[in-house]
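Peer 1: Residues per chain are reported as follows:
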Amino acid sequence: MLEIANLEVVYNEVILVLRGLSIEVPDGHIVALLGANGAGKTTTTRAITGLLDMHDGKVTKGSVTFDGHRIDDDDPSAIVRSGITQVMEGRRVFAELTVDENLITGGITNTDRKALAVAHDRVMTMFPVLAERRKSTAGYLSGGEQQMLAIGRALMADPKLLILDEPSLGLAPKLVAQIRDTIVEINTAGTSVLLIEQNARMALSIANYGYVLETGKVVMDGEAEKLLKDEDIQEFYLGLHGDEGERKSFRDVKHYKRRKRWLS
Amino acid sequence: MIGVLAQASTTDFDIFVQTFFKATALGSLYSLLALGFVLVYKSTQTLNFAQGAMALVGAWFLSLVFIDWDFPARWLPGPNWLHWIIALLVAAAMAAVMGMAIEKYTIRPMIGQPLFSMAMITLALEVILRTISFDAVNLTTRSLGVPWGTRIFMLGGARVAWSYIAATAMALLAFVAIWRFFKTRMGIAMRATSFDQEAAMAQGINVSRVFSIAWASGASLAAFAGVFASMSPWPSGGTANRDGAFFVFRALPAVVLGGLDSVVGALVGGMIIGFSEIYAGQYLANYTGVLGVGYQQVIPYLVMLVGLLVRPYGLYGTVEVRRV
Numbered sequence: 000m001l002e003i004a005n006l007e008v009v010y011n012e013v014i015l016v017l018r019g020l021s022i023e024v025p026d027g028h029i030v031a032l033l034g035a036n037g038a039g040k041t042t043t044t045r046a047i048t049g050l051l052d053m054h055d056g057k058v059t060k061g062s063v064t065f066d067g068h069r070i071d072d073d074d075p076s077a078i079v080r081s082g083i084t085q086v087m088e089g090r091r092v093f094a095e096l097t098v099d100e101n102l103i104t105g106g107i108t109n110t111d112r113k114a115l116a117v118a119h120d121r122v123m124t125m126f127p128v129l130a131e132r133r134k135s136t137a138g139y140l141s142g143g144e145q146q147m148l149a150i151g152r153a154l155m156a157d158p159k160l161l162i163l164d165e166p167s168l169g170l171a172p173k174l175v176a177q178i179r180d181t182i183v184e185i186n187t188a189g190t191s192v193l194l195i196e197q198n199a200r201m202a203l204s205i206a207n208y209g210y211v212l213e214t215g216k217v218v219m220d221g222e223a224e225k226l227l228k229d230e231d232i233q234e235f236y237l238g239l240h241g242d243e244g245e246r247k248s249f250r251d252v253k254h255y256k257r258r259k260r261w262l263s
Numbered sequence: 000m001i002g003v004l005a006q007a008s009t010t011d012f013d014i015f016v017q018t019f020f021k022a023t024a025l026g027s028l029y030s031l032l033a034l035g036f037v038l039v040y041k042s043t044q045t046l047n048f049a050q051g052a053m054a055l056v057g058a059w060f061l062s063l064v065f066i067d068w069d070f071p072a073r074w075l076p077g078p079n080w081l082h083w084i085i086a087l088l089v090a091a092a093m094a095a096v097m098g099m100a101i102e103k104y105t106i107r108p109m110i111g112q113p114l115f116s117m118a119m120i121t122l123a124l125e126v127i128l129r130t131i132s133f134d135a136v137n138l139t140t141r142s143l144g145v146p147w148g149t150r151i152f153m154l155g156g157a158r159v160a161w162s163y164i165a166a167t168a169m170a171l172l173a174f175v176a177i178w179r180f181f182k183t184r185m186g187i188a189m190r191a192t193s194f195d196q197e198a199a200m201a202q203g204i205n206v207s208r209v210f211s212i213a214w215a216s217g218a219s220l221a222a223f224a225g226v227f228a229s230m231s232p233w234p235s236g237g238t239a240n241r242d243g244a245f246f247v248f249r250a251l252p253a254v255v256l257g258g259l260d261s262v263v264g265a266l267v268g269g270m271i272i273g274f275s276e277i278y279a280g281q282y283l284a285n286y287t288g289v290l291g292v293g294y295q296q297v298i299p300y301l302v303m304l305v306g307l308l309v310r311p312y313g314l315y316g317t318v319e320v321r322r323v
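Protein chains in written order, with numbering that gives the first Met the number 0: chain A, 0 to 263; chain B, 0 to 323.
Possibly wrong hints are sitting among the right ones.
Chain B is nowhere near these chain A residues, computed Cβ spacing over 12 Å in every case [to be verified]:
#, residue
1, E12
2, G19
3, T84
4, V86
5, F93
6, D99
7, K113
8, M125
9, R152
10, A188
11, K225
Cβ pair distances, simulated, as ranges [to be verified]:
#, chain 1, residue 1, chain 2, residue 2, range
12, B, R184, A, G67, 26 to 36 Å
13, B, R184, A, G189, 23 to 33 Å
14, A, A94, B, L81, 38 to 48 Å
15, A, D120, B, R184, 17 to 27 Å
Quick caveat, the hints were computed from the structure, so don't treat them as lab data.
Keep in mind that this is a model prediction, so the values were computed, not measured.
Even for Gly, the Cβ is constructed at its ideal location relative to N, Cα and C.
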């Protein structure tokens, strides 16, 4: 179980990006993290996976705990070994390496050859497209295939918790559906999932629980079904509008008003 | 030049063959140095100007191990050549440790700083290492105890030094080894790191270890190059001495010509520079009046200049040298 408590993250020692964020990912659950650009979703993943250093970011308050151990001071390699892997935003496959070599990098912390072979087989059955193109250079794969490769790479370490940062970004609806099914499949096999998405409909359709982030704070959280029915979520994330049928713009609603309603 | 000393029966073709072997050998040495340079650049984005000085230190290490310490002949029976090879490996290992130390204490603290500052640091390292090794070597020369010494063999009418064959074989071996290494788990981790450092860290790759290994292998490749460049009949002639610095800066044209980030480029660039230098030295000797003495040392830079005019990123360099 992953617990983030009162997390505060500062970039360059001045820019406060997360201000007291608290979320939980219980074992075996899919938890969705929603929010607009700049809300702090990617910073949250960086804080969990130890990549803040690279961006001059620092945890100044609060803690990240995984299975009872504090991990906010660990280096990325130790965090992967403790069972958390991620699919980074924008896929970030190693374009110059082949599909198989990309998968090897995903399993680099895993020294057990048998476990690696099992993980590799699993990825190959999950994504038959990759099995056909094992020796091809990853950079020549299509966007959807690269996303599959990125997910497959993250599965090679046999994670207990998988973090996906915007896996549906820039993909055709059909592929989004396929990625969604894959996430469910991974979760059913026993891996908890933290799903970061702007595509709220997709995320909430498979999640157990959801959090809405705004300017570094959780402004709303609840069961996924409840969130799906929520008026504000429908308006701002699902593009559905109120009873009058007139189109409402996000901009027309005053910021403080939204905050107030979510907090109430 | 051996060809000049050769007997009257040496034909033009023999001279061509002799020159060919010499050029291959020099090309191999440049390739070795360039390979180390490329390895370091690819993984740490650092231009290592100290590569040539590391070569010098490597040759000094061998002299220290093999001659001064009499290692391993002291306790291991067996033929001289075997001792020499073991000593060479020990010297390369010492160079590797030196490379790792340099990376840890001078390069790692600078990660994220501008390329220029890193380059200045390696330039300073170059001066420091060269001075230290000159002091250690002192004014005298130090023997490397090369098993084949100055021996040559005849190929038809051509006289070929064993050192040339050894240097070529060494470079081939190094390239095959690096090629194979890149297919191993650690090698793949290294390539991944050079492509996208953050994504590599996200996979759990230990990036500092990758840097360490890159510098270690860069330094031992330099050591090999330094040893084989200090043999007869190269100017320093089987000893580690100040003349060993003769090619310290000459590997740079090879690297730049081949492309900063390409292993194949290191091989091709090294060979092109080696061949043009040796062949120019052999066949333009009648024009010293016009070209001046020592003109062949300028040839590498001329070739590099022309190469860069045609292909600004080097022959095999990635066009987008720094990816974001």
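Peer 1: For each hint, tell me whether it holds in the structure or not.
Peer 2: Verification of the supplied hints:
1. E12: holds (15 Å)
2. G19: G19 (chain A) clear of chain B: closest Cβ-Cβ about 26 Å, beyond 12 Å.
3. T84: violated (8 Å)
4. V86: It is violated; V86 (chain A) is separated from chain B by about 9 Å at its closest Cβ, not greater than 12 Å.
5. F93: Non-interface label fails for F93 (chain A): nearest chain B Cβ at 5 Å, not farther than 12 Å.
6. D99: D99 (chain A) is in fact no farther than 12 Å from some Cβ atom of chain B, at 9 Å.
7. K113: The claim stands: K113 (chain A) keeps its Cβ more than 12 Å from every Cβ of chain B (closest is about 15 Å).
8. M125: The claim holds: M125 (chain A) sits with its nearest Cβ about 18 Å from chain B, beyond 12 Å.
9. R152: Its Cβ does come within 12 Å of chain B, the nearest being 7 Å, so this is violated.
10. A188: holds (20 Å)
11. K225: holds (33 Å)
12. B:R184 x A:G67: 26 to 36 Å: 31 Å Cβ-Cβ, so the 26 to 36 Å window holds.
13. B:R184 x A:G189: 23 to 33 Å: holds (26 Å)
14. A:A94 x B:L81: 38 to 48 Å: Distance hint for A94 (chain A), L81 (chain B) holds at roughly 45 Å.
15. A:D120 x B:R184: 17 to 27 Å: Holds - the Cβ-Cβ distance for D120 (chain A) and R184 (chain B), about 18 Å, lies within 17 to 27 Å.
Hint violations for this structure: numbers 3, 4, 5, 6, 9, all remaining hints satisfied.
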